[in-house]
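Top line first, the protein sequences correspond to chains A and B.
So for the first sequence, the numbering used here puts the first residue at 10; every next one is plus one.
So for the second sequence, the numbering used here puts the first residue at 15; every next one is plus one.
If you're looking for bench data, these hints aren't it; they were derived computationally from the structure.
A virtual CB, placed ideally from N, CA and C, is assigned to each residue, including glycine.
Incorrect hints may appear among the rest.
Among the chain A residues that face chain B by a calculated CB cut under 8 Å, a handful are [said to hold, decoys possible]:
#: 1; residue: Gln14
#: 2; residue: Thr36
#: 3; residue: Pro40
#: 4; residue: Val49
#: 5; residue: Lys54
#: 6; residue: Gln63
#: 7; residue: Lys65
#: 8; residue: Ile67
#: 9; residue: Gly87
#: 10; residue: Gln165
Here chain A is said to cover these stretches of chain B; the calculated rule only asks that three of the stretch's residues, wherever they fall, bring their Cβ under 8 Å from a Cβ of chain A [what the hints assert, rightly or not]:
#: 11; segment: 218 to 224
#: 12; segment: 290 to 297
#: 13; segment: 480 to 493
Here are some chain B residues the structure puts well away from chain A; computed CB gaps all over 12 Å [to be verified]:
#: 14; residue: Phe139
#: 15; residue: Leu437
#: 16; residue: Phe536
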Amino acid sequence: MKIIQKKVCLLGDFGVGKTSLVARFVTNAFPEKYLTTVGVKMDTKTVAINDELQAKLILWDIAGESALNTKTSSYLRGSAGLIFVADGTRENTLTSALQLKQEADNLLGAVPFVLLINKHDLIAEWDISETVVDELKQQGWQVFYSSAKTGENVEQALLLLAQNLVG
Amino acid sequence: MTVDANQPSEKNQPHTSDDAQTLEQLIEKKRYQALKALLLAEESERLASLEHYIHHPDAHIEKIAPLLAQAIQQANLASIYQALELNTIVQDKIIESVQNDTAMYTQALYPVILPAIKKSIAEAFKEMMQSLNYAIEQGFSLNRFAWHFEAWRSGVPYREVVLRHTLSFRVEQVFLIHRESGLLIRHLSSAGVQQLRDSDAVSAMLTAIQDFIKDSFSVNDSDHLDTVEIGDYTVFLTRDSNAVLACVIWGMAPYALREVFDNALRVIDKNYGELVSNFDGDSSLLEPVDAILHSCLLFKDNSTFKKKDASIKNFAILLLLIFVGVGYWRYDNWQFQQRAEHYLQALQQTAGVIITSHSYDGKKLLIKGLYDPLTQNPQQRSAQFGLKPQQITSQWQTYQSLEPFFVEQRLTRLLQPPNTVSLHVSNNTLILAGAASKSWLKQLDLLPPVLIGVDKIDTHALKTYLQAITELLQPPPTVTMEFKELNLLVQGTASLDWIQSLPGKLMTLPFVQSYDIKNLTFSEAAQLQQLVESLEKTSIYFANEQATPTDAEQKDVALVADTIKQLQALSVQLNKPVEIIVIGQTNSDGTIKFNQNLAQKRAEYMIEQLKTHGILSGLKTAMKTDRKYEKTGKELHRKTSFKVIFTGVDE
């Protein structure tokens, strides 16, 4: 069995639920206090691509910011893939995600990524229009509606990203 | 410039045939040149450009420089140097240049060398400081004493011994981390080290922390996080352009280890640089790196390679030793005082010793006093109480004690009495008792009138040897005694018992070395002789032809029996066995046969009579007919007489 490691950064505005989203699906190596101290915490997630290949995603859960700063830029360096997270009940967080995507592209060039629009369980408070999402999909974006509460689409998104990274 | 070949020039005007010919040639030449210019215009320009390129290289430096650099890069620089034999030339030129203008080189190298020197000195200081810190931490440990001893024994300065011993460490984990992504390329641990739960995440976090520190605190791009210290652990981080080598070290991590790690990283870069640079997450490709990383798992195991609580243990042991030491010292002191007190007590109880003063000076007894020379020197007695000579300072003076014991000792020396005389002093009176020779007794009269410790002399219990012997033996008046030169002469007659008791009694008199009792006779022997004589003189008379005595004679039978009893008893006492012959006698009247028969009967009758008086043995019969005395009285021969025969061996 071959294992390929990949560095993946989670990016998204404050409070979009990045940490909660992956918490149920990853190996927690460090407590959350690292987010408020160092500004990043690591988790790992091993995804089976096929019978002979596994991808071990080293997830850099970067503290929520609407834009990259010097520190978060450092953390992004060498990232093979990205997970952008937005809060479906706050439209501005999607804007932040797009902004972060733009900045990440400038820093890293084009790398595989997925966009998770989170808190899909709060559909009554939904603030993001389908049109915008469709536009993004038409541009080739992999967009998932996810929920940290129900676990909806989290595994699928990670699997898809892993396949894109090592497949 | 263009040339029209159909337009003749002024110089080419024809005047003669030769001139015409020359002109024609000239025209041909011109045409040729014109044709050449038409056909090769482009090439000519390029040629001119090349000529300009060659003759004016300065104008093309910018173009040549990158080409040259590329050429050098592609070729082996060393082989170029070798081919051009530049090595020696370059070296010579550099040396010459440095010698000519040292200041210039100093100025040029200053920015490079100074930080390097600073860093080197700083690291050397760090190494020294960490060792000294450790040495101070270990300040109360037993090691410190052991190191002092080792320094003293080997002559090596103490600080060097400390450094040598304190550098204990073990490189427990090595992380080779991809510098760009923070992905873990390889990870090795020492044997026995607990494995990390997720070394990949640790690697990433370590990278993040490096970035965090660098972004938060660093001013220069070249600055990096080099060392992390936590508890007993130190993490050394070294890096090149592709990778970071993080080594987790337990114990005193010497800075020299950095060189080892740097070197390992260089070797990795040299052999696997491209693989590391292009690392895409597949760490199995770089498995061969493990061999190099393994060389980083160093350790130095000194005797101090123990967990941290060792120093606490050592401190506890040291405290214990101090307590034991102090305890022993106090016990030793107490023991000394006890011994000294016992010694003083013994001296105070000793007659003839007077302690005038005593005191202690630390572990030393100071003592002053007097002692009678007749007693043991007090200083010599100290050893009996376990005191060493150096523990006592004493000043003793001698004196004569008036205590009876010492007075007695001195008088004994003066009078030298025999063993049979006892001498003691009581209430200032010298009491002499026992037996002594006359000559010794005589010297008492010559004693000086004043004796120290004696007011008067009591000699009433003192006697001569003979007096003592006479008192003991109490001889009968029939015995006389004489004692001369320790020999006792005893003469006279005494009872057997008395004589037999003599040797035993004389043994109790030590002054009697020999005795002579040859002339001492038993009184019992004389008595025996008297009885024998008396019995042999006694006769029991019979009437004519009668075998029984007359009534008057019957009384004498009882007397004879009594005499025989005494005689037999003495003979047993004196061990002189006797036999008593009872002789039956007749006179000569009658026939011999009758007389023999009558004599036999008379003897047997007597024996029978004696038996009735209790005499059952020791008697024999004999017959006798007397004829010689018939004329003087026949009746005197009609009798039984007695004869005593001593049957024992005659002495």
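Results for each hint:
1. Gln14: 4 Å, holds
2. Thr36: Constraint on Thr36 of chain A satisfied, holds at 6 Å.
3. Pro40: 11 Å, violated
4. Val49: 5 Å, holds
5. Lys54: 10 Å, violated
6. Gln63: At 11 Å from the nearest chain B Cβ, Gln63 of chain A fails the 8 Å test, so the hint is violated.
7. Lys65: 6 Å, holds
8. Ile67: With Cβ-Cβ at 5 Å, under 8 Å, it holds.
9. Gly87: Hint on Gly87 of chain A: holds, closest Cβ of chain B at ~3 Å, below 8 Å.
10. Gln165: 22 Å, violated
11. 218 to 224: holds (count 4)
12. 290 to 297: holds (count 4)
13. 480 to 493: Our answer is that it is violated, as 0 residues pass the Cβ test (under 8 Å) against chain A, missing three.
14. Phe139: Non-interface label on Phe139 of chain B holds, nearest chain A Cβ at 30 Å vs cutoff 12 Å.
15. Leu437: 108 Å, holds
16. Phe536: 132 Å, holds
In this structure, the earlier hints numbered 3, 5, 6, 10, 13 are contradicted, and the remaining ones agree with it.
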